[in-house]
Amino acid sequence: MKKYYPFYFVVPALVPYIGIYIAAVLFGFGLALTDWNVYSMSPSQFVGLGNFKMLFQNWQFGLALRHTAIFTLVTAVLKTVFALLLALMLNAKFPGRNFFRAAFFVPCVVSTLVVGYIFNFLYQADGGLVNQALTWIGLGSLAQDWLGDPRFALFSVSMIDVWQWTGFSIVIILAGLQSVPKELIEAAKIDGAGAFRTFQNVTFQFVRPSVNICIILSLIGGFKVFDVVMATTQGGPGFDTEVLGTMIFKSTNGGSLGYSGALALVQFLIITVITLPTLTALRQKEVEL
Amino acid sequence: MNGLSVKPVAKYAGFYAVLIVMTVIVLVPFVLVLLNSVKDLAESSVVSLTWPKKFIWSNYSKVFSAADIWGSLKNGILESVVSVAAVVLFSSMASFAIIRRDTGGYKFLFNLFVIGLIAPFAIVPAMKVLQFWHISGTYIGIIAVFVSTNIPFSVFLYAGFIKGIPRELDESAVLDGARPLTLFFRVVFPLLQPVIATSTVLVFMNCWNDFTFNLYFMPNAGMWNMPLTIFSFMSMYSTSWNLVCADIILTILPILIVYLLAQKYIIAGMTSGAVKG
Amino acid sequence: MRPAGKKLLLLALLTAMACGFAACGSKDDAGGAASPSGSAASGATADGGNKPFTLTMGISTSNANKPGLKEMVQLYHEQTGNTIEIQAIDDKQWDNVLNARVASGGELWDIIWDKYRWENQIKFKAAELTNEPWVSRINDSVLATLKGYSPEGKLWAVPYAGSQTIGIVYNKKVFSDLGISIPKTIAEFEAAADKIKAAGITPIYIAAKDGFPVVQVLSSFIPNMEKTNPTMIDDLNANKKKWSEIPEFMDWLKLMQSWREKGYFNKDVATGTYENSQKLLAEGKVAMLFQGEWIVADLKNKYPDLDYGLMAPPSKDGDNYIDQDNPDAMYAVDGPNAEHAKEFFRWWTSKETLDKYGQLNPLLPVFKDQEIDNLNPMAKDAQVYAKAGKTKGHWNNRYLVTYTNDMNNVLAGIFLGTPAEKVAQMWDDFCISQGKQQKLPNF
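Chains as they are written, first to last, in the numbering used here: chain P, 160 to 448; chain W, 1390 to 1666; chain S, 82 to 524.
Everything labelled a hint here was simulated from the structure, so no lab data went into it.
Warning: the hint list may mix true and false statements.
[What the hints assert, rightly or not] Just the calculated beta-carbon pair ranges, DEER-fashion:
| no. | chain 1 | residue 1 | chain 2 | residue 2 | range |
| --- | --- | --- | --- | --- | --- |
| 1 | P | G178 | S | E326 | 21 to 29 Å |
| 2 | W | S1437 | S | P148 | 56 to 64 Å |
| 3 | S | Q155 | P | V432 | 53 to 61 Å |
| 4 | P | A228 | W | T1439 | 35 to 43 Å |
| 5 | P | N360 | S | G498 | 53 to 61 Å |
| 6 | P | R225 | S | A279 | 40 to 48 Å |
| 7 | P | F205 | W | E1557 | 37 to 45 Å |
| 8 | W | I1414 | P | L428 | 30 to 38 Å |
[Stated by the list, open to error] Derived pair list, reagent style DSS-like, types lysine-lysine, alpha-carbon separation capped at 27 Å:
| no. | chain 1 | residue 1 | chain 2 | residue 2 |
| --- | --- | --- | --- | --- |
| 9 | W | K1517 | P | K341 |
| 10 | W | K1517 | S | K360 |
| 11 | W | K1552 | P | K341 |
Computed from a predicted structure; not experimentally measured.
From the three backbone atoms N, C-alpha and C, an ideal C-beta is built for every residue, glycine too.
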């Protein structure tokens, strides 16, 4: 059968991928070992691990790392949990189901830049919709300067990400839910299992791979976050929402291509180190189908 | 059914209430932008959900006249359609071969693609690479960038789905005398409809909404796509919130239309229930 | 497999159509991609020339929209048939795109409009203009400043104005309504600010969200600092002293801290934007902004009725200096089109053109034979200080460390409540770290 899956099937994808993407990534890694700065008058030199040393001594790096980790954890957990609950609900048969299914995915198709713009309005301290809504339901005392207050800025930005991308996770989990065999559900009912037990022992086992995909994608997306922070707070107030992505961006604009390349490489390593073991751990729990 | 109560769910008002509240949270921001886009300057400064006193449709014509909308629309469609076609075709073929072959070498290729989800793709290295291939500043160049950056996720997406397509189907097609390309296009490709629909929307969305690549890789504003064109024009008017909102609606509209057309397929794919194991 | 077949056909059709577009698209731009300077110049070099040529100009959006530029380019086209294609990049992205293009060694524009900075001629590989015929007509003081930015005393770009002032822009009506005259000492300033605050008006608006408004405050005050510490910038450049070791700087930080505690700044510093600051100033809800002369174009376009003026920031003894920044200028990028660019510059600097331009965009004159009537209010007030000798060149043009946007964030801390010592320490960290990355000696 092997010849029915020929190598030339893979070639069209490999050519642009390696020629452009991998080439650029490797070039970037190479830059990380130099001290190339656009504003420097002397030619760039190879500095080996010098950039990395500078990086780990930089207090901004530790701060950005912490913010990124918090952001990732919060958004990954919330997105997956909300998506699971909503997907289960949207899997049931009821009139208007297709409308609701379509609605939840709408925020995903809008550019993150635009979403950031919109939430700049919504989060405004006086007159922003969020504060208006709180007042309307009687919780006006909780109104804040969501993006300008150091205590809430990171949280507010995380919520934007959850708002926008939960729909995406819903789609993935919904697809996974289709693979749950109806016979097993019926069997569980006949055995007298309640809703939660059925879910736990039957449904969840089949939907696990989808949930795992959601978790992994959320982790990766969280660590790479840049757009939504840049569109709203740009890392501020001060440095309270500085994440790895914004730090890389700003460092590139400061002209330090070597330094920012090193930062990007470190970000890549962090993501790999975190997602690979997580993936393995999650996979082990997957039932063999 | 998925384990929830057997009684008709519609009887539970609570169920609907939750859904409606969630939907409101999801859609209200867009309604807000829409309403604000037709208000006059003074009214729009108070960004709230009130009904406009007058409908100022001229906000839209202002945005239209100031920026080269039609040109950027053409650019966006060109880049997005070609990129989507290439990504769908290349990724599905590659993913199929990789999953079916399942040997060491092919597993390595799969991991290579998946690394693309994480690896950093920086602007200046990318510019240099494009120059190396002499496609810097051309439509081909930016399409190549879109294709190469969207392949990893598509390969990943298709892989999961293809695993659920039984090899028996392949074997019976071969017995009927199919050759590799026929096997793929007549048997497998049609079965991939749901994920193709999903990845079409996602890739189209990435290309259409792109801001960064257009800004850095396209030399002049005449070759920019719509979001960038409108954004650049609008950055001067950021306190005229009615114009900004009209700007946002115009940017969102095309992709919303694509999504609304495609979601039937995505949902149909869901309910047909992928190939069951 | 009918439905699949149809879908495949549709996909193929769309692809074919799109490829058709692509082919047309690339043909149009084949010229642009192939030639190193990215333009489609068809004219021969200097003498060959009656064939009309096209040059590209890279510029940031707000500069492109300043009055006069588009009109002059149009006029040039009418008079000579040559086209200058303005390619405007959004302000916030301008530096990034410029740096990326320079770094990747790819196509730059033929003409670049940027600040007259000491490093730009190297960055852009600019064509030298020292021996152009119009150089001798430049005002001596302006010429001295410009040549001072090049080690060999050469000239690298055409300035579009004599200089740009940075200082306090204030709403004259607010001041006159409250009966306040221009404060000179810090005590007078604070008394005035208290009066303004009591009337429910925000004395000073800081727009930290857009970054650059924050450093204008520092830039405005540094001339007064240099009055008592003339070697300040030199010491910093040689890394002999850190910013936190400069008493004037620390005093200023503490002053800002006390002003914040007195409530002189707006409450939404973190989310305040540049555009909003203009709006509030024009509406009389804000009394003063720390800004530069670039704000004049915006104010003229959006709020033509606003009566505003410029004043120097206060100092202990009331003898105040204002900051004169370098003007924006046009650089010609070395290459096959440099001669054409120089032709354009000769046209631009001719008396007739300058007079017409001066009508549209009255800024401080560059050339001896320029007469500018109806100077904008900021420039008029600035000339008063200049005649009295109370100006100092912009600090950032002499400071070797390249200013990055992150530094705005650090500085913003003093307006957001971070204690002065902490801000000074972070500021030092950033400056020194950036200096190290630029491989400056002694860092």
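Taking the hints in turn, this is what the structure says about them:
1. P:G178 with S:E326: 21 to 29 Å: violated, 53 Å
2. W:S1437 with S:P148: 56 to 64 Å: Violated, since S1437 of chain W and P148 of chain S (Cβ atoms, about 36 Å apart) do not stay within the stated range.
3. S:Q155 with P:V432: 53 to 61 Å: holds, 58 Å
4. P:A228 with W:T1439: 35 to 43 Å: holds, 41 Å
5. P:N360 with S:G498: 53 to 61 Å: holds, 54 Å
6. P:R225 with S:A279: 40 to 48 Å: Taking Cβ atoms as reference, R225 of chain P and A279 of chain S lie about 43 Å apart, which means the hint holds.
7. P:F205 with W:E1557: 37 to 45 Å: violated, 56 Å
8. W:I1414 with P:L428: 30 to 38 Å: holds, 37 Å
9. W:K1517 with P:K341: violated, 54 Å
10. W:K1517 with S:K360: Outside the cut-off at roughly 43 Å; violated.
11. W:K1552 with P:K341: Holds, at about 20 Å.
In terms of the numbered hints stated before, the structure departs from hints 1, 2, 7, 9 and 10, listed from lowest to highest.
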